[in-house]
Each structure stands twice: as structure tokens, then as C-alpha cells.
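S.K.: So the sequence lines, in the order shown, correspond to chains L and C.
FYI, full-length UniProt numbering numbers position 58 of the first sequence as 58, with every residue one higher than the one before it.
FYI, full-length UniProt numbering numbers position 358 of the second sequence as 358, with every residue one higher than the one before it.
Source of the hints: derived by calculation from the structure; they are not laboratory data.
Note that beta-carbon positions come from the ideal geometry of N, C-alpha and C, so glycine has one too.
Check before you lean on any hint, since a few could be wrong.
What the hints assert, rightly or not - Facing chain L, according to a computed beta carbon distance under 7 Å, are these residues of chain C, among others: (1) Ile3; (2) His65; (3) Trp307.
To be verified - Listed below are several chain L residues computed to face chain C (Cβ distance under 10 Å; list not exhaustive): (4) Lys42; (5) Val46; (6) Glu51; (7) Lys53; (8) Gly184.
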Amino acid sequence: MIILGANSEIAREFTELMLQKQSFVTVYLLSSNAEQLVTFKKHLEVKYKTEVKIIPFDLMGQIKLDFSAMEYNLVFSAAGYLGDTEAGVIAKTEDMSRIMAINYSGLVHFLNAVANDLLEKENGTIICISSVAGERGRQSNFIYGSAKAGITAYLSGLRNFLYKKNIHVMTVKPGFMDTKMTRGMDLPGPLTINPKKAAHLIYSGYKKKKNTIYISGIWRLIMFVIRNIPEIIFKKLSL
Amino acid sequence: MKIEKTISNWGNFPKLKASEYLFENLHKTQGILEAEESVLARGNGRCYGDAALNNAVVSTLSLKHFLSFDETEGTLTCEAGVLFSDILNLVVPKGFFLPVTPGTKFITVGGAIAADVHGKNHHKDGCFSEFVTQLKLVIDTGETIICSRTENTTLFWETIGGMGLTGIIVEATFQLKRIANSYIYVESIKAKNLTEIMALFEASEDWTYTVAWIDCLQKGKHIGRSILMRGEHARPEQLSNKQQKEPFKLSPTKAIKIPFNFPRFVLNTLSVKAFNWLYYNKQTPKTIKKVTHFEPFFYPLDSLLEWNRIYGKSGFIQYQFVIPKGVGKEALQDILQTIAKSNQGSFLAVLKLFGKNNPKAYNSFPIEGYTLALDFKVNKKLYKLVPELDAIVLKYKGRIYRAKDSLSNARLLDYVKVHNTKFNSVQNRRINKATP
């Protein structure tokens with residue numbers, strides 16, 4: 001199993017849940033901050049007696065991984081970067097390339113390389129976290145939103161491309177999540193989910209071979225409404 | 001990043017508006033130590049009263065990783081925010097158990113060391129610290145110090161039972177106990193009065209686990225009416241066929257959650273009396289022998305999640321004292337009389353005979369003698385009852401458990417000696433103020 005963005009809480013909860021449900025020969029933890037993964041690696045080794053390898057990996061750089069030498073049939077990506085948003089500013093230039101690389105361009109390079117390798121291996125699953133922010137550009141975070149829109153479109157194409165090859169692609173669209181990053185933010189309780197529950201929803205989607213899941217389900221309805229607001233009205237809103 | 005929130009411990013009393021940080025890394029912790037006047041580590045908030053409360057707290061719940069587990073020696077190293085429940089889930093299937101555990105498994109390892117918790121086997125095995133071999137502590141300078149029985153020993157023993165006042169415990173290594181299965185052989189014996197229950201404790205000294213439930217609303221010749229429970233880890237041949245099929249089973253029952261705070265009238269003298277009557281009388285024979293899972297034996301209330309809501313919004317206090325063994329009878333008699341007279345009912349008051357203390361762990365609460373733990377709903381009468389009880393405990397040279405206290409006389413709590421100013425708590429300031 002390959003976990004990209006392994007320092008995120010959702011990735012960690014999902015990794016633990018998968019290890020509780022089935023066994024994996026090796027767990028590859030990928031993150032640009034590999035140092036922070038050391039305790040998590042020990043924790044997994046103690047708790048699940050599995051082999052864990054840390055791979056320092058940055059989506060901003062070149063993909064130099066040899067996937068053919070890795071033993072896996074599941075790839076989970078929680079890579080994402082919201083950016084440093086500031087009111088009245090579209091995006092800071094250096095931040096913008098980071099938002100685009102981590103949420104889209106770098107991630108596409110990575111997933112392409114994985115997909116090519118899975119074609120050789122002839123089976124597997126790719127689970128990738130996109131966002132509801134990709135469903136309609138809003139003034140508050142549209143660089144991020146457009147990158148997420150891009151990855152959502154990419155994932156649906158990839159799913160289509162790999163369907164006959166026995167490789168499944170699942171798109172995950174979270175709404176608000178209660179994590180270290182959003183700690184202290186005033187999120188609406190009923191629409192906010194904790195990483196542990198989110199991991200369970202992703203796992204059940206994975207078992208049922210779902211194509212796209214929202215976490216939680218209420219976001220499917222919310223986004224339906226948001227998508228269907230006429231542009232003439234939407235452009236005047238401050239969402 | 002810090003958030004402003006109202007924090008309180010398991011008794012929901014007292015409540016405090018505080019800045020809560022999450023422990024992220026050493027670098028950030030240094031920043032917190034510089035920015036705040038005083039800091040206190042806070043785990044899962046399962047203590048009572050004003051322990052673990054401070055205007056700035058660092059939550060250790062993010063420190064939830066296991067670091068190593070030697071399955072031949074039974075030694076475990078983990079971060080300080082790991083819960084006892086997580087440890088049980090990991091080690092029980094491998095034939096190990098916690099060497100010492102209090103009545104809830106929802107406490108953190110850091111909290112267990114800071115309060116130096118005790119359990120039903122105190123008379124045999126002592127406190128949790130007896131099994132702790134090493135700990136990592138972030139001190140006021142922001143440095144991490146490793147302390148053990150051979151290295152930085154002064155700091156090690158100062159931290160044991162030190163209520164978090166020496167620093168932030170971030171990691172600990174301790175010895176587990178080997179078990180043959182998840183089951184406990186239990187004998188429950190009814191005692192009509194104080195003389196009987198004390199004789200039972202003395203006669204049960206060789207048992208690994210002993211504890212008694214006591215009905216503290218009884219008066220006159222019934223004073224001390226109680227049920228002693230004594231247990232041993234079950235031998236394989238004592239298990240039923242069903243139990244033998246899954247010898248290392250975890251949690252046999254599903255937990256129920258108390259959905260809301262109960263209104264004030266639910267808990268009154270009458271309902272406590274009725275409950276105590278039922279509890280005592282549901283057992284008709286003098287002695288019952290059975291083999292039970294460790295969960296109901298050690299953690300009878302953990303299957304009722306958020307049971308503290310039963311006491312309603314205003315919360316409750318726990319009053320736990322210990323009095324030297326020699327004066328046990330007179331002291332208990334005095335105290336039980338005072339409680340019965342006050343009509344302040346306590347559900348499931350728990351009595352236990354502690355064994356000898358480890359003089360090295362000078363901050364730990366237990367001393368050889370009888371300890372009684374009581375719950376009282378917070379109300380006006382309590383402010384009169386607590387000083388009355390304190391006076392008796394003081395008279396008999398007893399002490400109060402800091403991990404549970406909020407209202408007691410500082411002289412009963414000043415046995416904890418820690419030299420530090422950076423780490424502090426509401427409780428510690430209250431005690432220091434009263435005993436200059």
C-alpha cells in the first residue's frame with residue numbers, strides 16, 4: 001500500500017483502518033516532511049507488525065520513484081495544499097505554483113507513473129482525495145478550487161481509461177473536516193466530520209467500489225444546490 | 001496554535017476558560033513555554049477537581065503513538081497521550097495486561113504517571129510507577145530530559161505523582177504483566193458492617209485484587225455495610241467452554257452512551273438509597289464465585305460512556321482520602337457517620353486497603369491504610385460537608401488524593417513537593433496559597 005501525504009490525519013486514520021481490515025506486506029509512507037513520519041512508522045510496526053518504509057517525496061519536484069520495484073496494489077493520496085489565503089489577494093505567486101503542483105500538476109505526474117505501473121501489475125486501486133471546492137470556483141479559494149476541479153476531471157478520465165484493465169479509481173470529495181489544520185476554525189458542526197469517521201466512509205466506499213464519494217453524504221446535496229445556482233446570481237454571492 | 005475553550009475534568013467541576021495548545025513538536029513547545037506565564041500538560045481529562053487545569057494547557061492527546069513493544073520481556077514504550085484502552089487492545093491478545101490500572105481505562109499514560117495511579121492490587125504491587133522504567137520529560141527550558149531509576153533520578157521521582165508540575169511527559173517505558181487469558185476469577189462477599197469488611201480485607205491480603213463497594217448511607221449497627229470483591233487472573237481450567245474458545249477476548253459488551261445531562265432531581269438521597277439497597281440485596285448468598293471478563297471487573301463504569309452526565313450540569317466531586325491502617329476503624333466510623341448524617345448520597349463508594357508505600361515515590365498519594373472514594377453532587381451543602389470530612393481526615397493524619405480534589409484543606413494535599421514555577425495548575429496555586 002502506498003500512502004501519499006502520510007502526515008495528514010486522514011491518511012493516518014485510513015492507513016490504520018486498512019491495516020486493521022487486511023494485511024499488507026509493505027506500507028510505503030510518502031511525504032515531503034519525512035522526518036515527521038518516524039513515530040508513525042514505529043507505531044505501525046508495533047501495532048500491526050508490518051514492514052513500513054518512509055520515502056521522502058515532494059510533488060513540487062521530479063518523480064524519481066521506481067514503482068515496479070514496490071509491492072502494492074492500493075494507492076491512497078491525501079496530498080493537498082490549501083495555500084495561504086489572504087482577503088483581497090488572488091494568490092501569492094510562489095504560493096500559487098505550490099497550490100497547482102500539489103493539488104494538480106505534480107499529482108498528475110505521480111498518478112500517471114502509478115497508473116502505468118499498475119497496468120503492468122494488472123490490478124489495483126487508486127483512491128485520491130479531491131475536494132468539493134473543485135465543483136465551482138468561488139472567490140475565496142479559486143486557485144485551489146480550479147486545481148481540485150482539474151484533479152477531479154483527471155480522476156474520472158483515469159477511471160474510464162483503467163476500467164477494462166481491472167484497476168479501480170475512486171474520487172473522494174470531503175467537505176469540512178476537523179483536523180489539526182482547521183483546529184480553532186468555526187466550522188458548522190453538523191457538516192464537519194472527524195478524520196476517523198472520514199476514513200471509515202472511504203473504506204466502505206472502497207469495499208463497494210464506488211466511483212465518487214462525498215464525505216459526508218450531505219455534501220452531495222449541498223454541492224448539487226451550489227452547482228445549480230445560475231451564474232448571474234452566483235457571481236454576486238460572497239461564498 | 002491555541003484555541004480558547006472551557007475545560008473541566010471528569011466531574012465537570014470546576015470549569016475554567018483556558019488556552020489549549022496541541023502538542024506538536026519540541027520547537028513549538030519551546031515557543032509556548034516562552035509565551036505563557038505557566039503551562040500544564042493535559043491528557044484525557046479523566047481526573048477530577050482542579051487537577052490538570054491551568055490557564056494555558058498543552059494537550060498531549062496528539063502524542064498517541066506506540067514506539068516499541070518487546071513481546072518476550074513485556075516492555076512497552078509509547079508516547080504519553082496513548083490511552084490505557086489502546087494499550088489493552090494491543091497487548092491483551094498477546095497475553096499481557098496493565099500492571100496497575102485505575103477504575104477507568106480512558107486515561108493517558110502521562111496522566112497515570114503524573115497522578116501515580118493505583119488499582120485494586122495496590123496492597124500487592126504498589127502504584128503504576130513501580131513498573132515505569134523510563135520517561136521523557138520536556139522541562140521549563142524546552143529541553144527533553146530522559147529520566148529513569150539510574151539516570152536523572154531526582155527528576156524521575158519528582159515527576160512520579162508530581163501532578164505535571166515538573167514538565168510535560170512525552171514518552172514512557174513500562175513493564176507489563178503476563179496473563180494466561182482475559183478472565184478474572186472473582187469472589188463477592190457480603191459484609192454486614194465495618195468490623196466485618198475490615199476483617200475481610202485483612203483475610204484477603206494474599207489475593208491479587210481486592211476492593212469493596214460500601215453503602216455510606218447506612219447508620220448505627222449497619223454502618224459499613226458493603227460487598228468485598230476479590231479476584232485473581234483466572235487459571236485456564238477455570239474458564240467455561242465458551243470462554244476457552246476465545247481466551248484473549250477484548251471488550252465483551254458494547255458501550256452505551258449517556259445522551260445528555262440528567263436533570264437535577266434524578267439523583268437524590270432517595271434514589272441513591274434505593275440503588276444501594278438493590279445493589280446490596282441483589283446478591284442473596286453471602287458469597288458468590290464466578291469467572292468474569294476483565295472489563296466489568298476493572299472498568300464497571302466504562303461501558304456507560306459519559307456517565308458523568310448522570311450528575312447533571314452542575315457536576316460532582318470525588319472525595320478520596322487515605323487514613324493510616326492503625327486508626328482505620330475509628331476514622332472510617334467517624335467519616336461514615338458524618339456522611340450518613342449529611343444525607344449527601346454517594347453512588348458506589350469504594351473502599352480499599354492500601355499496602356506499604358514506596359518511600360522513593362514521595363509524591364505518590366497512597367500510604368498503608370484504608371482509602372475511601374466517594375462521589376458527591378455539587379450543591380451548597382457540600383461546602384459544609386467537605387470541611388467536616390477534612391477535619392476528621394486531618395485528625396487521623398490522613399491525606400487526600402490530588403487527582404480528585406477540588407475543595408479540600410491544603411494541609412491534606414501538601415505532601416506533593418515539586419520545585420518548579422513554569423509548570424503550574426489551578427490546584428497547585430490553590431494549595432500553595434493556603435500553605436505559604
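S.K.: What are the numbers of the hints the structure violates, in ascending order?
M.R.: Result: hints 3, 6 and 7 break, sorted rising.
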